[in-house]
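Those sequence lines, one after another, are chains A and B.
First residue of the first sequence: 5, per the working numbering; consecutive thereafter.
First residue of the second sequence: 62, per the working numbering; consecutive thereafter.
Just so you know, the hints here were simulated from the structure itself, not pulled from any lab data.
Please note: incorrect hints may appear among the correct ones.
Said to hold, decoys possible - Calculated pairs, SDA-like style, for lysine to any residue (alpha carbon to alpha carbon, straight line, at most 20 Å):
#, chain 1, residue 1, chain 2, residue 2
1, A, K77, B, I186
2, B, K133, A, W89
3, B, K201, A, R50
4, A, K176, B, K63
5, B, K200, A, K93
6, B, K63, B, G181
7, A, K176, B, D185
8, A, K93, B, I186
9, B, K200, A, I143
10, B, K133, A, T64
11, A, K176, B, L209
12, A, K77, B, K200
13, A, K176, B, D127
14, A, K93, B, D232
15, A, K93, A, I143
16, A, K93, B, K68
Said to hold, decoys possible - To list a few chain B residues with every Cβ distance to chain A over 10 Å, as calculated:
#, residue
17, K63
18, N110
19, K133
20, Y144
21, F145
22, M193
23, P224
Said to hold, decoys possible - Now the stretches of chain B that chain A is said to cover, found in silico as 3 or more residues with beta-carbon under 8 Å:
#, stretch
24, 93 to 104
25, 262 to 271
C-beta: ideal position from N, C-alpha, C; glycine also.
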Amino acid sequence: MINKFVASPEAALADVPDGATVMIHGFGNAGMPAVLIDALIAQGARNLTIVNNNAGNADTGLAALIGARRVRKILCSFPRQADSWHFDKLYRAGEIELELVPQGTLAERIRAAGAGIGAFFTPTAYGTRLAEGKETRRIGERDYVLEYPIHADYALVKADRADRWGNLTYRKSARNFGPLMAMAAKCTVAQVRETVELGELDPEQVHTPGIFVKRVVRVAAPMKKAA
Amino acid sequence: MKKLDRKQIAARLARDIPEGAYVNLGIGLPTLVADFLPKGREIILHSENGILGVGPKPAPGEDDEDLINAGKEPVTLLTGGCYFHHADSFGMIRGRHLDFAILGAFQVSVAGDLANWHTGGADDIPAVGGAMDLAVGAKKVLVMMEHLTKKGESKIVERCTYPLTGARCVDRIYTDLAVIDVKADGLHVVDLVEGLDFQELQRLTGVPLKRLASAA
Chain A
5 MINKFVASPE
15 AALADVPDGA
25 TVMIHGFGNA
35 GMPAVLIDAL
45 IAQGARNLTI
55 VNNNAGNADT
65 GLAALIGARR
75 VRKILCSFPR
85 QADSWHFDKL
95 YRAGEIELEL
105 VPQGTLAERI
115 RAAGAGIGAF
125 FTPTAYGTRL
135 AEGKETRRIG
145 ERDYVLEYPI
155 HADYALVKAD
165 RADRWGNLTY
175 RKSARNFGPL
185 MAMAAKCTVA
195 QVRETVELGE
205 LDPEQVHTPG
215 IFVKRVVRVA
225 APMKKAA
Chain B
62 MKKLDRKQIA
72 ARLARDIPEG
82 AYVNLGIGLP
92 TLVADFLPKG
102 REIILHSENG
112 ILGVGPKPAP
122 GEDDEDLINA
132 GKEPVTLLTG
142 GCYFHHADSF
152 GMIRGRHLDF
162 AILGAFQVSV
172 AGDLANWHTG
182 GADDIPAVGG
192 AMDLAVGAKK
202 VLVMMEHLTK
212 KGESKIVERC
222 TYPLTGARCV
232 DRIYTDLAVI
242 DVKADGLHVV
252 DLVEGLDFQE
262 LQRLTGVPLK
272 RLASAA
């Protein structure tokens, strides 16, 4: 019997080694798997390469992982924000490496990894400093930049519901990078609000098919005010 | 001369967005455009984090942490709107499906080069987000900015001195002084604010402008 449910976030991340490449889902806080990130901080893996759209906000989640000096390198599109002080400090001290990637190129490089694409040409960033040193080609009337996939050892995603086969649904704009990162990593771990029986997810509405998911951890939803 | 304030620039631009258009509003100044879109037109706003049909801010207490726009502010979804992942969202952008991207700018060149992501300063942490995708991808790129810097220098320049976001990508510029089309043969003034004549705009802008017959 296939059962991808794992008892705890700690158990789900116990085997993350030092030096791993870890994709972390989320656009700001929407979709960020905060419980898994806390477990990764507690687990202790160091020298990580992180892939996320941002470089952490305030003092929790990815910002806390960066603040704990566990990240050697980050690939992202938008590190600098009003509350990205943990990243800013390490970056200015030369203690974290940044690979800045345009947001759509970031998404497509992740998708390409998951889809088995060797490289692709994109018009984005042509003629800018983010394309410096990269191979370019004119195809038809447009100029393109060659970009390579981003593979990962782990992807940590936050989904809404999951069944024991690992089928996932996301909620609203928290879907963002989840379906892409889930495809691109060797081991995808999903933090979900609710686990359901097989057949309870509408097969027409599954966003990430279970083949892309290795482990699922249910996380208690924050207490809601009594109605 | 009556310079437009930021809201008036947004209102001027909003007038030009036609019924049925799919539009992405960049972070910052362009988000003001949403408040001025003509009420009678169905215009669909795209947010690059994965929304079509972005609605207004939620009522107080109705925020949903899973429903935010590209500026990470809480929003709502219009009836008929939908959600999708980032690769689809940027496919909409890069694949030339969006009718308009409305972007802020540090500088725009005579050739339509856009600089809006990085000052290039040594201590400035670069952040690009979706700006480069929007610049190359949308069918029309509209720039919204103040005409002059705080020092009084024109932000419309012969060559951008800030790092480029995209080359030859801007179609039209809306400023607090004028509306200017970027065409293969140069910059065409479409509209001027009340009390500003063409010669004065030309003097303030520095780079050669062409006068459209219909412009005041």
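We went through each hint and held it up to the structure:
1. K77/A <-> I186/B: Given pair K77/A, I186/B holds - Cα atoms ~15 Å apart, limit 20 Å.
2. K133/B <-> W89/A: holds (17 Å)
3. K201/B <-> R50/A: Distance ~45 Å between K201/B and R50/A Cα, so the pair is violated.
4. K176/A <-> K63/B: Distance ~43 Å between K176/A and K63/B Cα, so the pair is violated.
5. K200/B <-> K93/A: violated (39 Å)
6. K63/B <-> G181/B: violated (33 Å)
7. K176/A <-> D185/B: violated (33 Å)
8. K93/A <-> I186/B: holds (11 Å)
9. K200/B <-> I143/A: holds (18 Å)
10. K133/B <-> T64/A: holds (16 Å)
11. K176/A <-> L209/B: violated (40 Å)
12. K77/A <-> K200/B: The given pair, whose Cα atoms are some 35 Å apart, is violated under the 20 Å limit.
13. K176/A <-> D127/B: holds (6 Å)
14. K93/A <-> D232/B: Judged against 20 Å, a Cα distance of about 39 Å means the pair is violated.
15. K93/A <-> I143/A: Between K93/A and I143/A the Cα gap is close to 42 Å, so the pair fails against 20 Å, i.e. violated.
16. K93/A <-> K68/B: violated (36 Å)
17. K63: holds (33 Å)
18. N110: violated (5 Å)
19. K133: violated (4 Å)
20. Y144: The assertion about Y144/B is violated, with a minimum of 6 Å to chain A.
21. F145: F145/B is in fact no farther than 10 Å from some Cβ atom of chain A, at 7 Å.
22. M193: Not fine: 4 Å to the nearest Cβ puts M193/B too close to chain A.
23. P224: violated (5 Å)
24. 93 to 104: n = 0 at 8 Å, threshold three: violated.
25. 262 to 271: Result for this restraint: violated, n = 0.
In this structure, the earlier hints numbered 3, 4, 5, 6, 7, 11, 12, 14, 15, 16, 18, 19, 20, 21, 22, 23, 24 and 25 are contradicted, and the remaining ones agree with it.
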